[in-house]
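Student: What follows is the residue order along each chain.
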Amino acid sequence: MAMALTPAQVRKLNVLSDTVLYPDAVGLINKLVLEEEADPLPSTQIVGLLSISWANTYGEFYKFVVHQRDRDWSAAKSDIKKFYTDLERYLTALVRRVRGEFQLIPQGLDVKSTRQMTDDIMALLVQDLVQHLAAENNRLAVEVSRRRKNYARR
Amino acid sequence: MNKDMRMMREINIQAIAFYEAAVKLGDHAAFAFRDLNRSKKNSHRSQMTGLENIAESTFKVADILDYIKKQIARFDYWRKGYPRNADPNEGFGEALKKYLENDMKEKCDTICRRLEIKDSTDDDKYKRQQVYLQLIRQFIRQMVVEYEYRISKEENGNGTNTGASA
Chain V
0 MAMALTPAQV
10 RKLNVLSDTV
20 LYPDAVGLIN
30 KLVLEEEADP
40 LPSTQIVGLL
50 SISWANTYGE
60 FYKFVVHQRD
70 RDWSAAKSDI
80 KKFYTDLERY
90 LTALVRRVRG
100 EFQLIPQGLD
110 VKSTRQMTDD
120 IMALLVQDLV
130 QHLAAENNRL
140 AVEVSRRRKN
150 YARR
Chain A
0 MNKDMRMMRE
10 INIQAIAFYE
20 AAVKLGDHAA
30 FAFRDLNRSK
40 KNSHRSQMTG
50 LENIAESTFK
60 VADILDYIKK
70 QIARFDYWRK
80 GYPRNADPNE
90 GFGEALKKYL
100 ENDMKEKCDT
110 ICRRLEIKDS
120 TDDDKYKRQQ
130 VYLQLIRQFI
140 RQMVVEYEYR
150 ISKEENGNGT
160 NTGASA
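Going down the list, the sequences are from chains V and A.
Counting in numbering that gives the first Met the number 0, the first sequence runs from 0 upward without gaps.
Counting in numbering that gives the first Met the number 0, the second sequence runs from 0 upward without gaps.
The shape of chain V in the complex, shown without the other chains:
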């Protein structure tokens, strides 16, 4: 069962969404699409990610990401694997930051409660993270499509 967050924790999560998750999400997508010239994620993947980020626990979301990373994607869809590889790495680091740098877990909780609270907080962070990823991905998808059409016309 989800643990109740204090108003201070909720406030902190909102600040983190703006100051950490948003720039990190933009960075992740820009690195893939603009620097590595990968294709933006197709809408089916975006819809799937959004759906799972809202409906499931963090553990289930993480399992989904790992599953997508480890799938045997065709060469044409190898960019999808790249995305999930980067996302998994980011999530693993984010869990460490939740416990350390962000100081979101109160001191003195037992192991079970710490794990539960970490999962609950990660579930909330992931909802925002995926929202930011989806928005930037979709914006860039339109831009990439426009550039390709212009190039094809030449």
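Simulated from the structure, these hints should not be mistaken for laboratory data.
Quick reminder that beta carbons are idealized off the backbone N, C-alpha and C, glycines included.
Certain hints may be false.
Said to hold, decoys possible - Quick list of in silico lysine-lysine cross-link-like pairs, DSS-like style, CA-CA up to 25 Å: (1) Lys148(V) with Lys104(A); (2) Lys11(V) with Lys111(V); (3) Lys30(V) with Lys104(A); (4) Lys80(V) with Lys104(A).
Unchecked claim - Just the calculated beta-carbon pair ranges, DEER-fashion: (5) Met4(A) with Lys148(V): 48 to 58 Å; (6) Ile12(A) with His66(V): 51 to 61 Å; (7) Thr18(V) with Asn1(A): 34 to 44 Å.
Given the coordinates of chain V, work out where chain A should sit on it, guided by the hints.
Tutor: Positioned in the frame of chain V, the structure of chain A alone reads:
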């Protein structure tokens, strides 16, 4: 003057400074959405209402930026340029996003420097976020007012926003 009043004063000072930019973007929006007006009466209003609603109700700046990006991705009129701009090909949505992410962020930093709001404690970070949110809300209100004014002028046949330079 207490801190909250000082903050509102600083935001109002910046609101005067960014009024011109808000008018420019309001005109850009009116130009970009004007064809909507002809085909679906009042549907253009929902574009700005959606933006206003999210700005006024959210606790996060990123929600506003994500909304703008979603609209850019979904609707070609959010990607429409404006001949009066320095870059006439830059779409309305991109211009708005850029202004909020860059210029408005700078104004937020200016206010925080003047109010001695640093960036180290949780309280400081929360106050910074509130300053940024309030600035964006003011800006969007001003922009929407200009947009509505421009649209109503066109509807009443008092001038067409062709986007040509004055």
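Student: Please test the hint of 48 to 58 Å on the beta carbon pair from methionine 4(A) and lysine 148(V).
Tutor: holds, 53 Å
Student: Check whether the Cα positions of lysine 148(V) and lysine 104(A) lie no farther apart than 25 Å.
Tutor: With a Cα-Cα distance of about 34 Å, the restraint between lysine 148(V) and lysine 104(A) is violated, given a limit of 25 Å.
Student: Hinted pair, alpha-carbon criterion (25 Å max): lysine 80(V), lysine 104(A). Please report holds or violated.
Tutor: It is violated: about 35 Å lies between the C-alpha atoms, which goes past 25 Å.
Student: If you draw a straight line from the CA of lysine 30(V) to the CA of lysine 104(A), is it 25 Å or shorter?
Tutor: holds, 23 Å
Student: Between lysine 11(V) and lysine 111(V), is the straight-line Cα distance small enough, at 25 Å or below?
Tutor: Holds - the C-alpha atoms of lysine 111(V) and lysine 11(V) are around 23 Å apart, at most 25 Å.
Student: Would you say the C-beta atoms of isoleucine 12(A) and histidine 66(V) sit inside 51 to 61 Å of each other?
Tutor: For histidine 66(V) against isoleucine 12(A), whose Cβ atoms are near 53 Å apart, the range 51 to 61 Å holds.
Student: Using the Cβ atoms, figure out if threonine 18(V) sits within 34 to 44 Å of asparagine 1(A).
Tutor: violated, 26 Å
Going down the numbered hints, you'll see the structure goes against 1, 4, 7, while the others check out.
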